[in-house]
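The primary structure of each chain is shown beneath.
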Amino acid sequence: MKTKSNTTGRRAVIIGGMRTPFLKGFGDFTQVSAIGLGVAAVRGLLAKFPMSDKDIDGMIWSGVVLPSGSVNVGREILLDLGLPPTIEATTITRACTSSLKAITMAAASIERGEADVIVAGGGDSVSNAEVKMPASLIHKVAPVFMNAKSKPMDYLKLAMKLDLRKDFIPQRPEVKERSTGELMGQSAEKMGARNMISRQAQDAFACQSHHRAAAAVSCGRFSEEVVPVDTSKGKRVFADGLIRGDTSVEKLAKLRPAFAKGGTLTAGNSSPLTDGAAACLIMSEDKARALGFEPLAAFRGWSFDAVDPADQMLQGPAISMPRAAARAGMVLTDFDFIDLHEAFAAQVLSVLKMLGSDSYARVHLDRDKAFGEIDPQRINVHGGSIAIGHPFAATGARMVTTMARELKLSGKATALLGICGAGGVSAGAVLEAV
Amino acid sequence: MNDFLVELGANPAARQAIKKIGLPLSLPQKLKRSQSPWDEHPIADLPVFVHHSKESQLAPYLGRFLGKLGADITIFGDRQKAAPYQDSGEAYGRPTRTELLEDSKPYGLIFDATGIEEPSALKSVYEFLQPWLRPLRNCGRVVLLSRPPESLSSPAAVAAARALDGLVRSLAREIGGKGATASRVVVDKGAEANLEAVVGFVMSERSAYVSAQTLHVTGKVAPLENVPYRKPLAEKVALVTGGARGIGAAIAKSLAREGAHVVLMDRLQEETAVGKLAHELGGTMLLLDLTDPEAPKRLCELFDRKFKGGLDIIIHNAGITRDKKLANMKPELWDQVLDVNLISLMRVNEALLPQLREEGRIVCVSSVAGISGNMGQTQYAATKAGLIGYVQALAPSLADRRITMNAVAPGFIETKMTAAMPVATREVGRRLSNLVQGGLPEDVAEAVMFLASPGATGMTGEVLRICGGSYLGA
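Line order of the protein sequences matches chains A and B. For what it's worth, this note's numbering labels the leading residue of the first sequence as 195, then goes sequentially. For what it's worth, this note's numbering labels the leading residue of the second sequence as 386, then goes sequentially.
Every clue listed holds true.
Straight-line alpha carbon distances no greater than 27 angstroms define the calculated DSS-like cross-link-like pairs of lysine-lysine that follow: (1) K417/B <-> K370/A; (2) K453/B <-> K563/A; (3) K370/A <-> K453/B; (4) K490/B <-> K455/A; (5) K453/B <-> K547/A; (6) K417/B <-> K455/A; (7) K606/A <-> K242/A; (8) K439/B <-> K508/B.
If you're looking for bench data, these hints aren't it; they were derived computationally from the structure.
Based on the sequences and whatever the hints tell you, model everything.
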């Protein structure tokens, strides 16, 4: 295994983070684009950590449902905010691990000595996913329209060739795997069945997520991390819209399977399609001290991996988390907090099962002993994506922000993060208090 | 070549209509085939029922790999035997069931008959298979595992083991109508580590046209460690003779797909076809007549010069037919066929043997005609039978270099040659098999690819028929 080497001796630190409220897709944020959400999150971040524009070296943004007309979303956010046009910006995409990747890229860039201050994060608006006309229509129409020599007869011929049924029905955007054609929920359904995760266990876990998130909201734990957003309809959205503090295992048990007949996954124990964005401020430790900011945490290790999407697509954290821990020179008992992205309760519980299996460790991690048994009640102290919502590219930054602050607030030392993603990609990261 | 009945049979409405009207037509089931590149899970998510008796011996071996290959396993018989499956089940997220799921329709039925010592114990085979043959999925698989009868000591045990042969052959006929196949895998004591590739092949869609066969797994060639599942032939150099068209071209495509650099050899007249295919596959074109006395020398020079002095896979596919009844046959027709199909082939093979690298693979394309005989093919059948003898005799001497050598014997394969047959003969050829249809060149290619793969160490000196369980031939 390759280990991370920091040749410059510089350390990148997390100053803090800020996110928009997370709302259900096609809710109050329907009119706000992914760029608009990013603008709101970064504006909130810079308001909380004020500094001269000149100190910002760059921006690494991320997205999953990218607007095809302006793919470098990060650059658009900078320009919309009226920040100096000389600040560079990059936009990356890596499924649900996107913003964790953006943040670690920022840290790596700072530790390499390329920059001192980087804004990193991500966001998605599923409400603004583009509805595409079939490629067959474009391929028929474009050659005629783009050819200056086209005659009226060519247009007529084109009209004859068009097929009402095939060429005019727009493609519905779906969370579908390109290589396997499976919906994400179907992949998770298969995973749950193969790892024998019961409906009851899933509902219990989903319920725990909602209750914890609701408790965090009511005691104001998230208020320092969420910035209110004004919608074009003049409404000001203050808080997350998906958390159900009043849910119960009984209520969740009544929901019908969402992805398969007789399945165990429901809308209640899966993460919902969500609009939102989140941003983190990453600096070199020296610069942070010079600017008078108090760092919350730093990365001690990370690991980005991938598995076969045709086989247990969302199992990746069971590989990335132990690897990230090993790179940090740590074992399970060293961690104070474990934060695991909740795509589906079935996926979370499957991953925990794999992390506790010696056989799995032998085959997939090349080590004799399992990473360790983890009680589902031990993870995600303030709930996770099932309750809070999951704007794909915002989740990583949300987790980093919440965990970095949690280390500071609790006075504890370390946290382990894990995220799975479409295409079989995954990520693990170790945070330590500074 | 289109088979009208197969196309018709693929239409459920037509199928039902014909059944309703009562037409005496047995519609063949369109076979499920796979020509995608090899991956880790050839039988992903397919329900497989496995029966182990108390005395059976193979559970520790099957348990190690069946789940890894992707099967959704339910254990029958002695439930204690499920233990070896649990560990790999956990590792690959494929928990093994000992209780049946409701409405489960099996894709595969595997019976471990090792340990059956007398014919009365065969009742357990009946009891396991009987209830599941109706629910067996279209294009499903039945596999019976046993020890080779000749390796057993008591006459009763030999009788019981041999009984499975008749059972498999008859069962293959019974389930052939739904595209399903039945095979027997006999495994020598001590050769169990070689089982994975063989069982993986017969259970997968790549053995679509292999039925009513016995595959003999030996330990003569030791298994390799860490055999890759993807691109198993990466960095290998393969020679395919007669690679321009038909079965040879299909074989070349399969080998290239799995990563091999293919040297396509054919006669000068085939220049265009060979050149096109070599370009498509990124291979090397070699225009050379097999019967040319200089051929062995030129081949050796080529591998010396271009491929660091060696090659890994030889596919002897080139062959010709010159059909005539023996009574009417001119001597030159006899000589021609003998020369191409056997004499030159052996000459080239002997010359290349020193250059064949360790862990090499040789596959000879024989024919069912060489096993059963065919009207008007005396000299052709003689060469194809002779080839089988050659394989059986030469294979043992290569085992210490971990080289395997096998023959495949295609039955009725839809090629240009069979398309040119008279309609009646062609229809008879097609329908006289358990699967009631002809095979495709790709079916032969997938079987050759399996025998050429690094994992196929268990098979050497064997003949594998790709005939859909043809009524002709042993």
